[in-house]
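Engineer: One-letter residues, chain by chain:
There are 2 protein chains.
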Amino acid sequence: MPVISVEIKFLPGVEDPEALTIHKNLKLLGYSGIKSLKTSKTYTFDIEVGQSDPHAMVKEISEKLLANPVIQSYTIKE
Amino acid sequence: MPVISVEIKFLPGVEDPEALTIHKNLKLLGYSGIKSLKTSKTYTFDIEVGQSDPHAMVKEISEKLLANPVIQSYTIKE
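From first to last, the protein sequence lines are chains L and E. If you count the first sequence from 1, position 45 lands on 45 in our numbering, and the numbers rise without skipping. If you count the second sequence from 1, position 60 lands on 60 in our numbering, and the numbers rise without skipping.
So here's chain L without its partners, still in its complex pose (with noise of 0.2 Å):
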């Protein structure tokens, strides 16, 4: 069965709410040593063998479901 794996990140320049929350609040914890914290999602896909593109569907299901392409972008590693 094929696997293809999605990582969706925030683009350059835009603000990652949840990474700057959990950076902030490790400081507080007394982790001082990171410079910068940055999150992404991966979704991974296992295609059912006979699917005739497999990359082609993941790529579509990327751009139009998952990416928000304002914000996001994504890199499909199989």
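Errors might be hidden in some of the hints.
[Said to hold, decoys possible] DSSO-like mimics (lysine-lysine), calculated; alpha carbons at most 30 Å apart, straight line:
hint: 1; chain 1: E; residue 1: K9; chain 2: L; residue 2: K64
hint: 2; chain 1: E; residue 1: K35; chain 2: L; residue 2: K77
hint: 3; chain 1: L; residue 1: K35; chain 2: E; residue 2: K77
hint: 4; chain 1: E; residue 1: K59; chain 2: L; residue 2: K24
hint: 5; chain 1: E; residue 1: K38; chain 2: L; residue 2: K64
hint: 6; chain 1: L; residue 1: K24; chain 2: E; residue 2: K9
hint: 7; chain 1: L; residue 1: K41; chain 2: E; residue 2: K38
hint: 8; chain 1: L; residue 1: K38; chain 2: E; residue 2: K9
hint: 9; chain 1: L; residue 1: K38; chain 2: E; residue 2: K41
hint: 10; chain 1: E; residue 1: K9; chain 2: E; residue 2: K77
hint: 11; chain 1: L; residue 1: K41; chain 2: E; residue 2: K27
hint: 12; chain 1: L; residue 1: K41; chain 2: E; residue 2: K9
hint: 13; chain 1: E; residue 1: K64; chain 2: L; residue 2: K27
hint: 14; chain 1: L; residue 1: K27; chain 2: L; residue 2: K38
hint: 15; chain 1: E; residue 1: K59; chain 2: L; residue 2: K35
hint: 16; chain 1: L; residue 1: K38; chain 2: E; residue 2: K77
hint: 17; chain 1: E; residue 1: K24; chain 2: L; residue 2: K9
hint: 18; chain 1: E; residue 1: K24; chain 2: L; residue 2: K59
hint: 19; chain 1: E; residue 1: K41; chain 2: E; residue 2: K59
hint: 20; chain 1: L; residue 1: K24; chain 2: E; residue 2: K64
hint: 21; chain 1: E; residue 1: K59; chain 2: E; residue 2: K38
hint: 22; chain 1: E; residue 1: K9; chain 2: L; residue 2: K9
hint: 23; chain 1: L; residue 1: K64; chain 2: L; residue 2: K41
hint: 24; chain 1: L; residue 1: K59; chain 2: E; residue 2: K27
hint: 25; chain 1: L; residue 1: K9; chain 2: E; residue 2: K77
hint: 26; chain 1: L; residue 1: K35; chain 2: E; residue 2: K64
hint: 27; chain 1: E; residue 1: K59; chain 2: L; residue 2: K9
hint: 28; chain 1: L; residue 1: K41; chain 2: L; residue 2: K27
hint: 29; chain 1: E; residue 1: K59; chain 2: L; residue 2: K41
hint: 30; chain 1: L; residue 1: K24; chain 2: E; residue 2: K41
hint: 31; chain 1: E; residue 1: K38; chain 2: L; residue 2: K77
hint: 32; chain 1: L; residue 1: K41; chain 2: L; residue 2: K77
hint: 33; chain 1: L; residue 1: K77; chain 2: L; residue 2: K9
It should be emphasised that the hints constitute simulated quantities derived from the structure, not laboratory data. Please read these numbers as outputs of a predicted model, since none were measured by experiment.
Given chain L, put chain E in place with the hints provided.
Structural biologist: Leaving out everything else, chain E in the frame of chain L:
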């Protein structure tokens, strides 16, 4: 600067509600060739130069704060 990532996944057998919902809705939208779907979250730390043991710090943060060991596992990537 050392960059260290931590990927947090659900343990095998633990329900992943976001992935199940996306999988169900993709089927309804006509994407029928997906056998299963999993999600994971990645935190990427940009560590300041001079931090004595960045790997140990990130391991401690992952264990104590980012991952819930009852339902999640973490993988550190450098």
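Engineer: For the pair supplied as a hint, E/K59 and L/K9, confirm whether the alpha-carbon distance does not exceed 30 Å.
Structural biologist: 22 Å, holds
Engineer: Holds or violated: L/K35 and E/K77, Cα atoms, limit 30 Å.
Structural biologist: 17 Å, holds
Engineer: For the pair supplied as a hint, L/K77 and L/K9, confirm whether the alpha-carbon distance does not exceed 30 Å.
Structural biologist: Answer holds: L/K77 to L/K9 is near 14 Å, not above 30 Å.
Engineer: Against the 30 Å threshold, does the CA-CA distance of L/K38 and E/K9 hold or violate the hint?
Structural biologist: Judged against 30 Å, a Cα distance of about 17 Å means the pair holds.
Engineer: Regarding the pair E/K9 and L/K9, is the alpha-carbon distance no greater than 30 Å?
Structural biologist: The given pair, whose Cα atoms are some 17 Å apart, holds under the 30 Å limit.
Engineer: Between E/K9 and E/K77, is the straight-line Cα distance small enough, at 30 Å or below?
Structural biologist: Judged against 30 Å, a Cα distance of about 14 Å means the pair holds.
Engineer: Within 30 Å, alpha carbon to alpha carbon, are E/K35 and L/K77?
Structural biologist: 17 Å, holds
Engineer: Could you grab the alpha-carbon distance between E/K24 and L/K59 and see if it respects the 30 Å cut-off?
Structural biologist: Holds. E/K24 to L/K59 sits at ~18 Å (cutoff 30 Å).
Engineer: If you draw a straight line from the CA of E/K64 to the CA of L/K27, is it 30 Å or shorter?
Structural biologist: Given that 30 Å is the threshold and the Cα spacing comes to 15 Å, the pair holds.
Engineer: So if I understand the rule, the pair passes when the alpha-carbon distance is 30 Å or less; does E/K9 with L/K64 pass?
Structural biologist: Holds - the C-alpha atoms of L/K64 and E/K9 are around 24 Å apart, at most 30 Å.
Engineer: Between the alpha carbons of L/K35 and E/K64, is the straight-line distance 30 Å or under?
Structural biologist: 20 Å, holds
Engineer: For E/K41 and E/K59, compute the direct alpha-carbon distance and say whether it is at most 30 Å.
Structural biologist: Holds - the C-alpha atoms of E/K59 and E/K41 are around 15 Å apart, at most 30 Å.
The structure meets every hint from the earlier list without exception.
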